[in-house]
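The sequence shown begins at 71 in the numbering used here and counts up by one.
These aren't lab readings, by the way, just hints derived from the structure by calculation.
Only pairs whose alpha carbons sit at most 35 angstroms apart, straight line, appear in this in silico DSBU-like list of lysine-lysine: (1) Lys150 / Lys201; (2) Lys163 / Lys130; (3) Lys133 / Lys161; (4) Lys117 / Lys163; (5) Lys201 / Lys133; (6) Lys150 / Lys117; (7) Lys142 / Lys204; (8) Lys197 / Lys133; (9) Lys133 / Lys177; (10) Lys117 / Lys130; (11) Lys150 / Lys130; (12) Lys150 / Lys204; (13) Lys204 / Lys117; (14) Lys133 / Lys204; (15) Lys163 / Lys201; (16) Lys197 / Lys163; (17) Lys201 / Lys161; (18) Lys197 / Lys117; (19) Lys150 / Lys133; (20) Lys150 / Lys161; (21) Lys130 / Lys161; (22) Lys201 / Lys142; (23) Lys177 / Lys130; (24) Lys142 / Lys177; (25) Lys163 / Lys204; (26) Lys142 / Lys163; (27) Lys197 / Lys142; (28) Lys117 / Lys142; (29) Lys204 / Lys161; (30) Lys161 / Lys177; (31) Lys204 / Lys130; (32) Lys177 / Lys150; (33) Lys197 / Lys130; (34) Lys197 / Lys177; (35) Lys161 / Lys197; (36) Lys163 / Lys133; (37) Lys150 / Lys197.
Given the structure is predicted, the values throughout are model-derived calculations rather than measurements.
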Amino acid sequence: MRKFFLVPFLAVSLSSCSKKDSPQPVDLSAAVAGTYQVTYAEANGQKLYLPVDGISMGVKLTKNTLTECTMKFTSNIQGKITSSETTLSLKAKELSSDIDLYESGAKIGSVNVGTIDLNVISDDGQKIRVKGTK
Numbered sequence: 071m072r073k074f075f076l077v078p079f080l081a082v083s084l085s086s087c088s089k090k091d092s093p094q095p096v097d098l099s100a101a102v103a104g105t106y107q108v109t110y111a112e113a114n115g116q117k118l119y120l121p122v123d124g125i126s127m128g129v130k131l132t133k134n135t136l137t138e139c140t141m142k143f144t145s146n147i148q149g150k151i152t153s154s155e156t157t158l159s160l161k162a163k164e165l166s167s168d169i170d171l172y173e174s175g176a177k178i179g180s181v182n183v184g185t186i187d188l189n190v191i192s193d194d195g196q197k198i199r200v201k202g203t204k
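With the hints as extra help, turn the sequences into a complete structure.
Here's what the structure looks like:
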């Protein structure tokens, strides 16, 4: 009789054991979301520390999914405000706090603890590197 009782008891106790929690996906988008004030721009070898009279730039990252965000880049040059918007994919670097930013599969920059570093192309095809802080 005891053996008969032990079999159902063991079956119930084993089935009630919980599996280890699977790792939760990291919310990269929430980590990078925010508004960054551009403090440095470089184009054609010329370096500019911002803001200066008549020139300012900003980058706003908005969460879409865990690994995707919308980037809105805005510039104000002598009162002429322009902006562009694109969707970015996010990937965390192993053994680093950097989160890389990709547009259409190409890496365009990274975010690390409240700082952003981007390589963008202007409307006229000029390569521009910008850095900013939250």
